[in-house]
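Student: Residues per chain, in single letters:
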Amino acid sequence: MRVHVIGIGTAHADDAAGLAVAALLASRPLPDGVLVKTCMRPLPDLLDALEGADAAVLIDAARTGGVPGAIHRLAQGDLACLRSPSSHGLGVAQALALAAALGRAPARVELLAIEASKTGCDALSPAVAASIAGAADAALRIVREVQARHDAELRDA
Amino acid sequence: MHEAKLCLSLLDLAERRAAEAGAARIVAVRLDVGEWSGVVPEALAAAFPLCAAGTRADGAALRIERVAGTDLVLREMEVE
Numbered sequence: 304m305r306v307h308v309i310g311i312g313t314a315h316a317d318d319a320a321g322l323a324v325a326a327l328l329a330s331r332p333l334p335d336g337v338l339v340k341t342c343m344r345p346l347p348d349l350l351d352a353l354e355g356a357d358a359a360v361l362i363d364a365a366r367t368g369g370v371p372g373a374i375h376r377l378a379q380g381d382l383a384c385l386r387s388p389s390s391h392g393l394g395v396a397q398a399l400a401l402a403a404a405l406g407r408a409p410a411r412v413e414l415l416a417i418e419a420s421k422t423g424c425d426a427l428s429p430a431v432a433a434s435i436a437g438a439a440d441a442a443l444r445i446v447r448e449v450q451a452r453h454d455a456e457l458r459d460a
Numbered sequence: 860m861h862e863a864k865l866c867l868s869l870l871d872l873a874e875r876r877a878a879e880a881g882a883a884r885i886v887a888v889r890l891d892v893g894e895w896s897g898v899v900p901e902a903l904a905a906a907f908p909l910c911a912a913g914t915r916a917d918g919a920a921l922r923i924e925r926v927a928g929t930d931l932v933l934r935e936m937e938v939e
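Taken in sequence, the protein lines are chains P and F. End of the first sequence sits at 460 in this note's numbering; the numbers just go up one at a time, nothing left out. End of the second sequence sits at 939 in this note's numbering; the numbers just go up one at a time, nothing left out.
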């Protein structure tokens, strides 16, 4: 199965959290069938990044009012209330809805969000920078979980 | 996903035209889809309302005419 791990964000401050996690993952050995991708704008870039994926793990910055650097695992339904620094949340939800409407959505989509700090400068805030490695580990755990579930389904079928 | 991206660019164009015309809302859009354009009209129709959400064309009606040729044309739109 093909799993796309997709970091979403822009190069600005904590909005780059998803990109930083993707960059870290891309530098590591990954399980077979895993592709790391990045996208700046959910529409239309995320549509391209999802193309050909059986499952996807999306990593984005978010503002839910929590502690900066906190890592949230979200259900797809939580996307609409996700307030990311550049309001990707809605764009991500829209892109996934579009992919579904066209019958091209991956069978499973998992979302990982990193709480952004409120102050913006050019680089990642220290709290978010400290969470990147943890978020990469979490993304990899989700990938293994998705693959294990897929393998179990194949065995049962 | 090809149709979704086409739809986004068509709406971008429609929004620019509507802005130039000083229109607040796009009520209806008519497209000519060439038989050999490589565009699946059903996919375009499925993508349209989702792409239009939150734009001036939110809720707009989409009419697709199949025509000969290879072009995809924003033929006409109704604004208010």
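Hints should not be assumed to be uniformly reliable.
According to the in silico footprint, chain F covers these stretches of chain P (three or more CB under 8 Å from chain F) [stated by the list, open to error]: (1) 342-353; (2) 403-413.
With the Cβ distance kept under 8 Å, some of the chain F side facing chain P (calculated, not the full set) [unchecked claim]: (3) 864; (4) 897; (5) 898; (6) 900; (7) 902; (8) 910.
These are calculated hints, taken from the structure and not from any lab test. Values in this document were obtained by computation on a predicted structure and should not be read as measured data. In this text, a Cβ means the ideal position worked out from N, Cα and C, and glycines have one as well.
Student: For each hint, tell me whether it holds in the structure or not.
Tutor: Now the hints, each set against the structure:
no., hint, verdict
1, 342-353, "holds (count 5)"
2, 403-413, "holds (count 3)"
3, 864, "holds, 5 Å"
4, 897, "violated, 14 Å"
5, 898, "violated, 12 Å"
6, 900, "violated, 13 Å"
7, 902, "holds, 5 Å"
8, 910, "holds, 7 Å"
Going through the hint list in order, the structure does not satisfy hints 4, 5 and 6.
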